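Participant: In case you want the letters, here they are:
Number of protein chains: 2
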Amino acid sequence: MKSALERAAEKPLFKKIKHFLIGMPIATKFASGEKLSKKVALSTFSSDALSSIAYATEEIMIILQKTNITYVGFTALWLTTPISWAICTLMLLVVWSYYQTIHAYPNGGGSYLVAKENLGKYPGLIAGASLLIDYILTVSVSVTAASLAIISFAPQLHPYLTLICIFLVFILTVMNLRGTKDSGLLFAIPTYTFIVMIGVLIIDGFFTPSQHFPDLIQKTQDANWNTLSMFLVLRAFSSGCCALTGIEAIANGVPEFKDPKTENASKTLLMMAAILISMFGSVSYLATKFHIHPMPLETEGYQTVLSMIALKVFGESFGYYALQIATAGILFSAANTAYADFPRLSSIMARDGYLPRVLSNIGDRLVFQNGIILLSSIATLIIIYYKGNTSSIVPLYAVGVFISYTLSQLGMVVRFWNKQRNQLSLLVNFSGGLVTGIVVGVILITKFSIGAWVVPLVILVFIFVFNKIHNHYVYQDFVLSINPEDETPTIKKNTVLLLVPKINKGIVSTIAYARATTRDCRALHVVLDQEDLNNVKRDWEKFGAKLPLVILDSPYRSLIDPVIEYIDQILLEDPEMIITVIVPQAVVKHAWQNLLHSNAAVRLKMSLASRRNVVITNVRYFID
Amino acid sequence: MKSALERAAEKPLFKKIKHFLIGMPIATKFASGEKLSKKVALSTFSSDALSSIAYATEEIMIILQKTNITYVGFTALWLTTPISWAICTLMLLVVWSYYQTIHAYPNGGGSYLVAKENLGKYPGLIAGASLLIDYILTVSVSVTAASLAIISFAPQLHPYLTLICIFLVFILTVMNLRGTKDSGLLFAIPTYTFIVMIGVLIIDGFFTPSQHFPDLIQKTQDANWNTLSMFLVLRAFSSGCCALTGIEAIANGVPEFKDPKTENASKTLLMMAAILISMFGSVSYLATKFHIHPMPLETEGYQTVLSMIALKVFGESFGYYALQIATAGILFSAANTAYADFPRLSSIMARDGYLPRVLSNIGDRLVFQNGIILLSSIATLIIIYYKGNTSSIVPLYAVGVFISYTLSQLGMVVRFWNKQRNQLSLLVNFSGGLVTGIVVGVILITKFSIGAWVVPLVILVFIFVFNKIHNHYVYQDFVLSINPEDETPTIKKNTVLLLVPKINKGIVSTIAYARATTRDCRALHVVLDQEDLNNVKRDWEKFGAKLPLVILDSPYRSLIDPVIEYIDQILLEDPEMIITVIVPQAVVKHAWQNLLHSNAAVRLKMSLASRRNVVITNVRYFID
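Chains as they are written, first to last, in this note's numbering: chain H, 723 to 1346; chain U, 723 to 1346.
Worth flagging that the hints you see were computed from the coordinates, not collected in a lab. Hints are all accurate, no fakes.
Cross-link-like lysine to aspartate or glutamate pairs, in silico, DMTMM-like; alpha carbons within 25 Å at most: (1) H/K1224 with U/E1207; (2) U/K740 with H/D1283; (3) H/K1227 with U/E1209; (4) H/K737 with U/D1290; (5) H/K1227 with H/D1251; (6) H/K737 with U/D1275; (7) U/K1227 with H/E1298; (8) U/K843 with U/D1074; (9) U/K1259 with H/E1209; (10) U/K1224 with U/D1251; (11) H/K1224 with U/D1208; (12) H/K1259 with H/D1242; (13) U/K1264 with H/E1209; (14) H/K1268 with U/E1298; (15) U/K1327 with H/D1346; (16) H/K1190 with H/D1074; (17) U/K1268 with H/E1298; (18) U/K1264 with U/D1242; (19) U/K1268 with H/E1209.
The structure presented is a predicted model; accordingly, all values stated were derived computationally and were not measured.
I would like the entire structure built from these sequences, with the hints used as guidance.
Facilitator: Written out as structure tokens, the structure is:
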């Protein structure tokens, strides 16, 4: 037989499952300060940016394909390559700007921090809100794109698309709740495989002949450049801008690099940029060269554009499958970076008092578990709402990123201005901020009607919420602050009221508790049933431990009202009085059995919630 | 300026709305013992039974109309009259049986009581379950039928059918929560108007010529009586049996009659039966005479059969509108009787320990408010599920009624057998029980596939639940019963633990409370942030009121676990110890602000729920 204490000390089922999935708690002293080498850092921080190669080209083409109108013509798809190269140019500028940010903020220059420090509170909050949205969408977009990569080579999984996405989010959640300190290598494998396989694809692709190419150019000779087609081309450009997401990651992560960290971080940034620009540009070129048409997701046998290119080049060979799996892997890894960024940023903002403080609590596995769970929940809702379709989520994406880019660059401009650094740096950041700002405008205008309007709205809501939360914390600190000159107040008068219904064994144990723990105690009995009254009086003689018993009539048959009136009477006579009400509470074995008990304790608590001098104590007795 | 107490004593909005709708509380001493005269009783107790005239004929015809197959033929509708007359014969037998029940149970002979007393626990529970279901369906059927009567003369309301039903249930709920002691007259008006108008309709109808009648008979000469058509005729008979619902009401209500109550009640029963039988039979005759075809509810300009008969006889005159409004009125009144019956039966069963005790609580308006709310909720769900269509609900109806009739008659048989009363009485109840039992079988068989299977299933579930609840109460009484020889136990050792986070004004007031109200108290501080520790120690010197401060390390950054370990340590050293944990709790102004606080109190309560020697007290401090 186990003692009651042993039974109570057993792990509840919830904890067992939690420890199985997430692992046993880790002590604070094991918090690691491990630093990342350039090679590991490249894979850790660049997977987000590089993974967009998997879908950015397709997003451009989907829009261009929709311009199936005579004056631009079906073959508007040839524009994919020039648009991609324009985006690559933009990328160069952004990378240059961030190169400067890394040197200016060796302890990590996230947009929230840079904007708050240099531009003030509201630009900081806008950047913070934009980034939070961006991280959520990074998870949604990357996870859905990873799932699309999977169903491209395993079309029998197509009907389970949303389920696959949810499963991936679940895996990410569990992994990150466990803590991913030692998982650098795990994510390095798909990232490097992806880089190698895309490299092979590009080289091989250049030498693979295409039948369709000449045909394609000819038809577009008579393209008609009017306003509508310009608008659609700009929209395609906006869609492609999702290729620029994730560039900030390295600037955020400077402190995690090995020394000399600034040096290493900026080299990693340049390396990543070189890979991203060359590969994205080339993949887009191959897509037009092989005359690829993006498929609607509803199509049976749906494949991503990248999968179609790879099939043309590799055929159904080992190389094709390796590329697809690596694609899914790097996208999964990209989603994983948001699992580092979102909880970190929300914990910083929580510590600044703009988000609930629970988001800054470090959990028993040394991770910000509340942020992780929040991120997973919102990303899952978005994935379910959009049924796992990457292209439906992309119009929301990039808006947040570019807003935060713009604010971060403008922050750098102000910083350089104040510190009177050299003019070239200032010019770089200024033109970076200007161009990304223009891109924000372009994205908002061209994609407003297909969902981009949501993002500014959500940012506004976030800022409203941030302010509400901040005001509460500020007010609370003000109200509760103590002065070293203050004295501990003395409570001179207090009384204890013990609520007694019909006397039973549980009530008797409560009487024993009241007698043992309090000095001044009276019992209250509310008369709900005249027939019971005599029994109560008789039992009280025997079991009442000589405590005075007050009988309260209840003309309206309410248990609560007479007690409240009695308490109010005491408080009216003596507003200084502190009253403790002891309410016996039966604890049942199964939750449903609570329906069979009146739970006066809960109702009494609610009714007395607004009376400040009243403390309610539940003394429980167990029925089992 | 109002004092804090005055502000606290103000009525909350919820109470204001409640008192506006339902009225101020009524004191127990005003509980009235007012008795009903025959005239008022007739209208109060017979509206349920009489109201079925409004829909029973139609339900028969709907089934007969579906037998639109060559061998029975389209004109199977002529069978409406013979089937109705067969039901009237059945009614005679049931009424005779209940006539005897009234004399045997002058204090009210509900089926639950009669079956439980004479047949035993399980027949009693089956009868109880059947009646509860019956009352719920009485509300659903009567309210939907009332709404159909309304949309018959106001077809523009047709699209709002379900809404009208829900509104009527809402009115019934509010009326009954107010208490309907003095509403006898209110319900007498539509009942007597209905009786008078149906009387006029019948007399007038007999003399109104019909064009279609000869045509109708001729076609049915060659009806082919095979198994399928017999089955459908029996199903039509089953549908018509809803005319027998409500007969029990008078036997239930004997104690509410004026003296000599048995005499008055049985006379009222006979009067009601005479009216019901003659009117139901005649209305069915008129329906066939005027060659009425029931309309599907989806039809534009839907009218009930009764409305179509009235139009043929009265035209669009005052008489037509008076009848329609009276029909809606008596149906509303019928639903109202279920609002008396359901809460009364459920309070009786709750007192017997078969339903949660809250159902036997008399509310502040002297009504069983919980039963009323439960009844309204379930009836509303049924109405919404069936979209306000009476005919969809009718297959469920009558099963419960006839099961309870059967059990009640069989109970009477056993009673007469034991008491050796005269043989005729025994024979009447026996044949009553036999016939109603057969009807149960017929209804179940013919309507099994269209919904009747639900009822036995629900009865089984109810009985399972009744037993579960009963076992809990029995067990609880056993566990908690006290012996006059018992002594109040003495608690020798108890200690108070005061949980202190960072010190602020709220915590200081909690310290004052702990010092004032307890003898042996130590403070616990869990170290979550090493930097705070020195502040806490310094503040404790100043504000700690000389209480000992225990510092608990938390290697896994949990607030709760170290406290639990500390408590378990104390309990391990001394299992007799009673521990009171005082947890300070910040009370915020708006509910959403709770998200901004850690609410350790709630989590600590849950974690300590299984430890029996622990009492948790929240001492609240207010931020506003």
